[in-house]
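Asker: Generate coordinates for the entire structure from the input sequences, incorporating the hints supplied.
Going line by line, the protein sequences match chains A and B. Take 11 as the starting number for the first sequence in the working numbering and just add one per residue. Take 7 as the starting number for the second sequence in the working numbering and just add one per residue.
Treat the hints with care, since some could be wrong.
Said to hold, decoys possible - Derived CB-CB ranges, DEER-like:
(1) Ser91(A) <-> Asp55(B): 44 to 50 Å
(2) Arg49(B) <-> His92(A): 57 to 63 Å
(3) Arg168(B) <-> Ala165(A): 43 to 49 Å
(4) Phe57(B) <-> His92(A): 47 to 53 Å
(5) Arg432(A) <-> Lys61(B): 32 to 38 Å
(6) Glu164(A) <-> Glu190(B): 42 to 48 Å
(7) His92(A) <-> Tyr139(B): 28 to 34 Å
(8) Val169(B) <-> Trp222(A): 19 to 25 Å
(9) Ala153(B) <-> Glu84(A): 39 to 45 Å
As the list claims (entries may be wrong) - Cross-link-like lysine to any residue pairs, in silico, SDA-like; alpha carbons within 25 Å at most:
(10) Lys61(B) <-> Ser411(A)
(11) Lys164(B) <-> His137(B)
(12) Lys61(B) <-> Arg242(A)
Said to hold, decoys possible - Covered stretches of chain A (chain B as the covering partner; in silico rule of three or more C-beta atoms under 8 Å from a C-beta of chain B):
(13) 117-130
(14) 181-191
(15) 431-445
Rather than coming from a laboratory, the hints here were simulated on the basis of the structure. Note that CB positions come from ideal geometry on N, CA and C, so glycine has one too.
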Amino acid sequence: MSTFLATPSDWPLVLTGRAGAIAADPTDLDKAVAAGAFDALRVVVRDLGATGTIATIAASGLCGRGGAGIQTGESWRATASHDTDQRYVVANAYDADPGVHVSAALLGADPWTVIEGLAIAAFATGATEAILALRADDMALVTMLEGAVLAAEEAGFLGDDVLGSGHRVTVTVRPVQGAYMLGEETVLLRALEGRRGQPEQQPPYPTERGLWEKPTVIDNVQTLAAVPWIIREGADRFAAIGGTTAEPRGSGPDLGTVLVQLRGPAGAGIAEVPLGTPLRALVDLAGGVGSRPLKALLVGGPTGGILPADLLDTPYAVEELREAGAQIGSGSVVIADDRACVVDLARLLTRFAADQACGKTIPCRIGLRRLAEIGDRIAEGRPRPTDPALIGDLAHDIVASALCDHERFAVLPLTSGMRYFRSEIDDHLLRSACPAGVCTPIAMAAGAATPGPR
Amino acid sequence: MSFIPGIGLVRGMGLTLRRFFQPKATIRWPEEKADVAPKFRGRLQLLYDEFGTLKCETCFQCAQACPIECIDMGGMDTKGRFHVHWGPPETYGERREESALRRSGRPVADPAYARFETLDPAAVDEILEAHDYDPRDLLAILEETQAAYGYLPVAALKHISRVTGAWYATIYGAATSYRHLRFEPPAIASAAPAGEGQREQEAGYRSALDAALGYGSERPG
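Answerer: Rendered as structure tokens:
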């Protein structure tokens, strides 16, 4: 079980605050209730009611952590507003990025806060069926969660009569596997329906036509885990966490905290950080840069951006990262020191993104492959004169015709590399040399050029 | 409007003369090309890319869209992952069987097609019964079928399609999109479990990233 990195004491812990108190046995419902689990559900059922809950969540400014940055209160309201016989709530705990285990870590450390968030979301939107979808890799975690759901049902927090309100909430744990794209919300919904895992055109959004064509709330587990805290502590306190100076307090998508998977030469781990924290603080959390100078930060996993060292003061927030050419994405932040070559990294990430694409849209299926081939050509020292311009044009076309976020962000490694590390790429392009000594261009292998300093 | 005798006749002859001197509609293909709507698709055709591999991704979207299920596929899929069994060879085999029966009154055993034909559907029936014959549980049905047989036999998929009423193309299309499902029994007894396909790719990505960063190969987290 992953433990969370210790963060400075003035950083609020919204998602993992209870994990320490129940660390001895996270599956023990009585201990968790003693530590405050399901208090928020009681408040929701007894005092707030469905509309009051949605109003509280909307007032807190909580946004979806899945990347789209949609206000959770708005999507709940949209789902509740449709006249239908059935609604669904789906928790997306599929960590698609192979290097990231934040959802599994959160579920393993404190399953109750996610289950409580699911129950509140189902109660507020009038849904009777809630689904917790997670990776099938860790079957021990799946079994543990099924046990937790059963225990909560027996204690009356879930089931036919939630806390005596007469409302029915059935939580199902659904392990899914077999494709990277399952992290995308519409793909996950198709997989839960037993159909081919490919994204759908939006709109209609899942809040209108989701699982089985019924209105569906689909939220990341981090979003749902923040919900009980907001109900308990109040929307105002949540809106005071995070945020950046660029936008007025209490607005914008950058409120609250997120889980970040850090990885560096000196350490690795998962930490809960408020949004808007400078990247420099994240580097310090990961144990600093070690003995070698920091060269770049990979922010956002395989479809994230490569940011240079002089952007370390950029806040870790949706808007600022988007402007810098990266994204929060999977929540992965990887430190690269001067042993890494940007061209090599970018082509590796692009190749993975191209291999894992579902192949539904042609710009994604063929365009990403062509981008990866351009990266290979540059790394192997046989670039064509048009390649630098082609990267920009192709990336623009892929993004412009994108169907889902995978396609929209998969061009980021190469475009951000071109933007910030142009001199290093020019070394590859013009002099057939790799300054980091990672790539072996054909000319260098034949002895025509000298390798750069290592 | 005043009535002029014979005006209809004059109009009709006018149209005839106009048409007579207009250019003819015959197109001298291939010197001339027809002007067709941009979405016109003409004949369905499989194309090859510049490396000589099929451009078809076996995504079965065309088969799923075809209202009369007239599109099917056969051969190795373009990513080299599995055989697409349903298609010309098998259809041909079935027809040959039929004609042999007609001509000689006895079937011709053909070991190459034996795999498609013999299957004890008891295990599939049990799984379907447990899922209430509901095609909405398709992924779970497929996973349990694979657990029962070790792979997904085409005959089992056909059986599921027939019993639940879900289209074969939909079932096959869903099954081919997930890497933990396979369509052939493993060639060696010590083969990796079926779910390894995706995990291998993910582990490959992790180690390649670590190598690119110059880190050791320990797992994060």
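Asker: Would you mind marking each hint as holding or not holding in the structure?
Answerer: Here is how each hint holds up against the structure:
{"no.": "1", "hint": "Ser91(A) <-> Asp55(B): 44 to 50 Å", "in the structure": "holds (48 Å)"}
{"no.": "2", "hint": "Arg49(B) <-> His92(A): 57 to 63 Å", "in the structure": "violated (43 Å)"}
{"no.": "3", "hint": "Arg168(B) <-> Ala165(A): 43 to 49 Å", "in the structure": "holds (45 Å)"}
{"no.": "4", "hint": "Phe57(B) <-> His92(A): 47 to 53 Å", "in the structure": "holds (49 Å)"}
{"no.": "5", "hint": "Arg432(A) <-> Lys61(B): 32 to 38 Å", "in the structure": "holds (34 Å)"}
{"no.": "6", "hint": "Glu164(A) <-> Glu190(B): 42 to 48 Å", "in the structure": "holds (44 Å)"}
{"no.": "7", "hint": "His92(A) <-> Tyr139(B): 28 to 34 Å", "in the structure": "holds (30 Å)"}
{"no.": "8", "hint": "Val169(B) <-> Trp222(A): 19 to 25 Å", "in the structure": "holds (21 Å)"}
{"no.": "9", "hint": "Ala153(B) <-> Glu84(A): 39 to 45 Å", "in the structure": "holds (42 Å)"}
{"no.": "10", "hint": "Lys61(B) <-> Ser411(A)", "in the structure": "holds (20 Å)"}
{"no.": "11", "hint": "Lys164(B) <-> His137(B)", "in the structure": "holds (17 Å)"}
{"no.": "12", "hint": "Lys61(B) <-> Arg242(A)", "in the structure": "violated (55 Å)"}
{"no.": "13", "hint": "117-130", "in the structure": "violated (count 0)"}
{"no.": "14", "hint": "181-191", "in the structure": "holds (count 5)"}
{"no.": "15", "hint": "431-445", "in the structure": "violated (count 0)"}
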